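Undergrad: Construct the entire structure; sequences and hints are all you get.
In order, the protein sequence lines correspond to chains B and A. For what it's worth, this note's numbering labels the leading residue of the first sequence as 1, then goes sequentially. For what it's worth, this note's numbering labels the leading residue of the second sequence as 1, then goes sequentially.
Everything labelled a hint here was simulated from the structure, so no lab data went into it. Please read these numbers as outputs of a predicted model, since none were measured by experiment. Even for Gly, the Cβ is constructed at its ideal location relative to N, Cα and C. All clues stand as given, with none of them false.
Interface residues of chain A toward chain B, partial, derived using beta-carbon atoms under 10 Å:
#1 Phe68
#2 Tyr133
#3 Val138
#4 Val141
#5 Phe144
#6 Ala145
#7 Gln155
#8 Met156
#9 Gly158
#10 Ala159
#11 Ile160
#12 Thr164
#13 Leu179
#14 Gly185
#15 Leu187
Given next are the chains, with one letter for each unit.
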Amino acid sequence: MEPLMALAIGILYATAIFMMLRRSIVKLVIGLLLLSNAANLLIFTTAGMTRGAPPLIPEGMLQPVGDVADPLPQAVVLTAIVIAFGVLAFAVVLIRRAYEVVKADDLDKMKDTDT
Amino acid sequence: MRPEVALPVLLPLLSGAVSLLFWRSRPMQRFVAVAGNIALLVASLWLFVATLSEGYITMQMGSWPAPFGITLIADMLSAVMILMTGIIGLAMGIYSLATTGRGHEKFGYYPLMHLLLAGVAGAFLTGDIFNLYVWFEVMLVASFALLILGGERAQMEGAIKYVTLNLLASVIFLTAVGLLYGTVGTLNMADIALRIEVAEHDGMVEVLAVMFMVAFGIKAAAFPLFFWLPASYHTPPVAVSALFAGLLTKVGVYALFRVFTLIFDQSMGYLQDIMLWGAVLTMVTGVLGAAAQYEFRRILSFHIVSQIGYMILGLALYTPLAIAGGVFAIMHNIVVKTNLFLISGITHRLQGTYQLKKMGGLYKERPWLAVAFFISAFSLAGVPPLSGFFAKFVIVRAGIEAEAYVVTGIALAVGLMTLYSMVKIWNEVFWKALPEENHVPVSSTPGGDDGRLIKPSLWMMYLPVAVLALFSLLIGIFAEPIMFVMNMIGDQLFEPDGYIEAVLGVSASAEEALLETGELHVEADTIGGEETP
Chain B
1 MEPLMALAIG ILYATAIFMM LRRSIVKLVI GLLLLSNAAN LLIFTTAGMT RGAPPLIPEG
61 MLQPVGDVAD PLPQAVVLTA IVIAFGVLAF AVVLIRRAYE VVKADDLDKM KDTDT
Chain A
1 MRPEVALPVL LPLLSGAVSL LFWRSRPMQR FVAVAGNIAL LVASLWLFVA TLSEGYITMQ
61 MGSWPAPFGI TLIADMLSAV MILMTGIIGL AMGIYSLATT GRGHEKFGYY PLMHLLLAGV
121 AGAFLTGDIF NLYVWFEVML VASFALLILG GERAQMEGAI KYVTLNLLAS VIFLTAVGLL
181 YGTVGTLNMA DIALRIEVAE HDGMVEVLAV MFMVAFGIKA AAFPLFFWLP ASYHTPPVAV
241 SALFAGLLTK VGVYALFRVF TLIFDQSMGY LQDIMLWGAV LTMVTGVLGA AAQYEFRRIL
301 SFHIVSQIGY MILGLALYTP LAIAGGVFAI MHNIVVKTNL FLISGITHRL QGTYQLKKMG
361 GLYKERPWLA VAFFISAFSL AGVPPLSGFF AKFVIVRAGI EAEAYVVTGI ALAVGLMTLY
421 SMVKIWNEVF WKALPEENHV PVSSTPGGDD GRLIKPSLWM MYLPVAVLAL FSLLIGIFAE
481 PIMFVMNMIG DQLFEPDGYI EAVLGVSASA EEALLETGEL HVEADTIGGE ETP
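TA: Structure below.
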């Protein structure tokens, strides 16, 4: 499972960076979206994948029995997803507003602040 | 239970929430802005005094024992940074009253300001690397919204660059956190510091170090990753510019200081060379970029980049004295840089432009403003006896002691170039006569940033400027007690055992011995049920 995940994550990162290098700001935001998804998957995978073993402590015991999934990276991923969602919502509004002002979906036309 | 560690985070969050409750009441929001920031300043003073006497103050959130829960920890570095946040927060609270147009206030300027301060304070105080990421995001989201308040074309263009590069840095940071957890199996920074020394994959540790360097390098605006800063910092309302200039990039620098003293202290090697030359190139490109500019805030933006170089240089030299100098530079720069932006706001109010060519004659009309600018600008350039001199002096001395003569020479030359830029502003804005075509009678243009009329209340703009200029002077005159604090920071960062002990509650060497034999956290397992990685 891990090699497959690693491959998928690699492809996601590559696609994201390719999208971010385009001139279109819409594609730029799609790139950002893919990038944060890739990072989330990566955290999920590096912590080790355990199948069908929720980290629950059986009644009357003080610790779980046998190998269980690590709950911490899942909490981390959950937080990261929520943050990425909020930030991307902002980015989508931003590109819309930027499009209204600049009237072009083209980063090369956004050089006013560089001169 | 140590409330003083949590208060600097909770208070701005609380003021932000209260401010949101009074969404429609402008006077109430303005009142909360000042009152909340006074409370923050008091809390940060409390934390500073407490940390000064005890060295480290920790608080485990939810009373979970150290490596499992989130730790808040204040060492001297955090305490000084929090104190600066408090001072700048209050200065901005007052200054904003006079400069923020009604249009901006209506769209949540004050709640966002509080949220930004909460994010900054959280990043300074947390002892958990993922929590650091979360605070970075809190800070970023607030800064995004502040940056585009008003929605002008330049703001949108600047914001796209700012948002993209900062999000990219965040993702790199998050990726590094994920890989770090995969390598050492913990997120608590003190615990990471112990475990990374016995980690099996040396190559992985180096990759992680580079990833953290790149991520924080972007956020700190270090060479060659600084392009978002001069493209965006001159676009928002001036109070926002000043707040960003004073605090935001310094959070990136703080994170560099924290991570590269605590976690990656042993594995520096060639990374140290990269950081050293990165710092040198940051100084040089920043100051050269500024030399070509004729817009007040753009010159200052490029100088932020240049000054970041000095701070990172202090870290890269990696001696206790150099680190002390680097932190001195951070502290001095927060005061001075904010003040220069505030002054640019006043001159904009008086003459209606940021273009140096169109300004002039202010020395004659506002001599005290000229004095405040003089103090801040020459302090930035490092002229004795102002604050910048001592920051530079300590770094240069550490550089000579470390026998890095070329680097030290460049640092001194950059100081001269800084002086050139500051003299340029002085000549154009204060010294020369006002150009004929721009003969605006003084104080007949009491417009806010959005052009709407607001009451001319210049004293609210002068007060923070005067106080910050005084601070810069006092830091220079009373450099000795400040240097005492800085040396304490240098020692604490150089020998992170105290930090680790304060967080984990056991002495670092004992813990390390346990780690090597693989017996650590056996008792913790029976309590919490966390796997030993």
